[in-house]
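Chains as they are written, first to last, in this note's numbering: chain A, 1272 to 1582; chain B, 1272 to 1582.
One or more of the hints may lead you astray.
Identical copies go unnamed one by one, so any copy, or any two together, can satisfy a pair.
DSS-like cross-link-like pairs, simulated, lysine-lysine; straight-line CA separation at most 30 Å [stated by the list, open to error]:
#1 K1323 x K1451
#2 K1475 x K1367
#3 K1575 x K1550
#4 K1475 x K1451
#5 K1378 x K1451
#6 K1323 x K1575
In short, the hints are calculated from the structure, not lab data.
2 protein chains.
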Amino acid sequence: MEKIAIIGTGLIGRAWAMVFARAGHTVKMWDNEPDAATQALTLIEQALREQKRFGLIAEEPQTVRARITAAATLKEALFEADYVQENTAERIDIKKQVYAQMDAAAKPECILASSTSTIPASVFSEGLAGRHRCIVAHPVNPPHVVPVVELSPAPWTAPDVVARSRALHEKVGQVPILVKKEIEGFILNRLQAALLMEAWRLVKEDYCSVEDLDKTIKDGLGLRWSFMGPFETIDLNAPGGITDYAGRYGGAMYDSMNSVRYEPWDAALIGKIEAERRKVMPQEQHAEREAWRDRRLMALIAHKRGMADRE
Amino acid sequence: MEKIAIIGTGLIGRAWAMVFARAGHTVKMWDNEPDAATQALTLIEQALREQKRFGLIAEEPQTVRARITAAATLKEALFEADYVQENTAERIDIKKQVYAQMDAAAKPECILASSTSTIPASVFSEGLAGRHRCIVAHPVNPPHVVPVVELSPAPWTAPDVVARSRALHEKVGQVPILVKKEIEGFILNRLQAALLMEAWRLVKEDYCSVEDLDKTIKDGLGLRWSFMGPFETIDLNAPGGITDYAGRYGGAMYDSMNSVRYEPWDAALIGKIEAERRKVMPQEQHAEREAWRDRRLMALIAHKRGMADRE
C-alpha cells in the first residue's frame, strides 16, 4: 500500500485525501496555512458521512478518517511518501517553489503529481533534479465523486512514473486517462471549451435562450454522455459504426462548424447570460445549489455503480 | 385531448406514438410501406413492456397500446387530427410531397410537425397554403426515452402554432426548446458537432486515444451535463457566477480554441478511429450494444425522475 501525501488542503486536497484513504492508503496532509490541515480533518469527517449515506464507501466513515493525519511540516508529510498529490494555488511561482521543496524532501522513487488544471508539468518541473518524477494528475472537482483523472507527463517524465501513476489511480477507483503530449487545457477542458464557445455564440446571436440551451444537454445529449463518450455515441448512431457515421454526417458537420469564427466574450454578452441565469437561479442560492450538484453527482455515481454491477 | 397522427412508422415514428399514447392521446399511424404501420404495433407492444419494466409508464402496456391504431391511408390517419408528427426519409423531395398531401388532408387548425434533423421548415413548407402551421419538432433518438424536442419554426410559422406545439410537448412530458431562427443542425447537433470536431482533432494529432477521450466525458464532464446544462455547470464553477467564471477562464478558453482550425475527417483518420473503437467493441456487438444503450438511458431517466421526486 503506497503512502500518500497531500500538499494543500483546500476543496481538492481534501477530496484527494478521501480518495486514497477510502481505498486503504494512509494519508498525510499539509497546508502552508497553519491550522488548515487540522481543520480539513473536520470537513473530511462530514464529507465521509455524506458518502456513506449515498453508499459510496463501504467502511465506517471513522475507519476511513483514521487513515488521514495532519502533518506539521511539508517535510513531515512527505516522509516515506510514495506518491504526493499537490493542490496549491494556480500560480507558476508558487508551483515552482513547492516543487523544489518537495523534490528535496521526498524519497527518490516518490511520484510528485499536481492537481493543476492550467500549468503543464514541464513548466513547474524544469530544472529540478527529480523532474523525471513530476507529472500532472488533473482531477475534476470534486475528485472523490467524479472519477476521471488526466495524467499529463512532461516530455522528460519517466514512463515508469506514468505507469505507476496510472496503476495507483486505477487501484483507488479513479479513471485515469493519458494526455500523450502537453496541451493547453488538457483534454477535458478543451472539449468543454469547444462546446462552450458554440453555446455562447448561439446565445449571442439569439438562436436560443440560456435555459433552453441547457435543456438540449441535460435532457438530450448529456444523458448518453454520462455513460458513453462522444465516440461511442456516434459509433452506435450509425449501423455501420464510425465509418458509416462519418460518411453520413461528417461532411455537413464540418461545413456547419468550419464557417464559424468565435469572438471573445464581451461585457454585453457576459451580462446577458448572467441575467438569464439569475432568472433561473438567484445568486443567493449559489452555495445551496453547489451542494445540490454534489449530492446529485453522488447519487449518479451510485446509480452508475448499480448499473455496472447488474451487467 | 389532442388527436395525434404519426406519418412514417420507423424507429422514430413508433417512439413518438408511444410518447403521445402513454400521455393518454389517441394516435393513428400511417406509413407508405403497406404493412409497416401494422407491424409497428407489435414492436410498440414490446417496447411498452420494456418501459413498464423500467417504471417509465404507470399504466399497463396494453392500455397504452390500445390508444394506437394503424390507418390504411394518410388521409385516414389525419382525419380529425390536431397534431401530426411526420417521420419520413430525410429527403427534401419526399418531405415536400408529403407536406403537400398533409396540408390538403388535415383540418385547418391541425399542426404539421416534422422530426427532421437536417431540413429547415422553410424548405419543405414554402408554397403551401398552410405553411403557417408547419414546424420542425426535432427529437433525439429514441424520443420515448430522451425528452428534449427542438422546436424550429420557419419565418412564417404562426406564433400560435409554436405556442401550441410547446404546450403539447410539455403536457406529454417531453422537454421542448425553441430554436428562435432557422440554423443548420439546430442547437443540439451544433453543440455535438463543436465537441466532436475538437475530439477528432485531438485524436488525429495524437494527444490521446479514442477510449481515453470517451472516459473524459463519461467519467468526467458528462456526469454534470446529464442533470445540468453547460451554462449551469460554469455558473456553479465560480463562486460569483457567470461573470466570475468568464473573468477567470474566458480569456484562456477563447485563446485555446481560437487558434484551432479544423479539417474534414479524411479516410486515414476515420480508419484510425474506427480501428480504435473496434478494439473496444467488435462490430458484431453493435446491435446488442445499442439495446444496452437504450436500457441504460431508460434506467437513467428513471433515476432522474426519482431524484426529482425527492427534491
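Structure-based check of all given hints:
no.: 1; hint: K1323 x K1451; result: neither (36 Å within a copy, 46 Å between copies)
no.: 2; hint: K1475 x K1367; result: neither (40 Å within a copy, 32 Å between copies)
no.: 3; hint: K1575 x K1550; result: between (32 Å within a copy, 23 Å between copies)
no.: 4; hint: K1475 x K1451; result: between (35 Å within a copy, 12 Å between copies)
no.: 5; hint: K1378 x K1451; result: within (26 Å within a copy, 61 Å between copies)
no.: 6; hint: K1323 x K1575; result: both (16 Å within a copy, 21 Å between copies)
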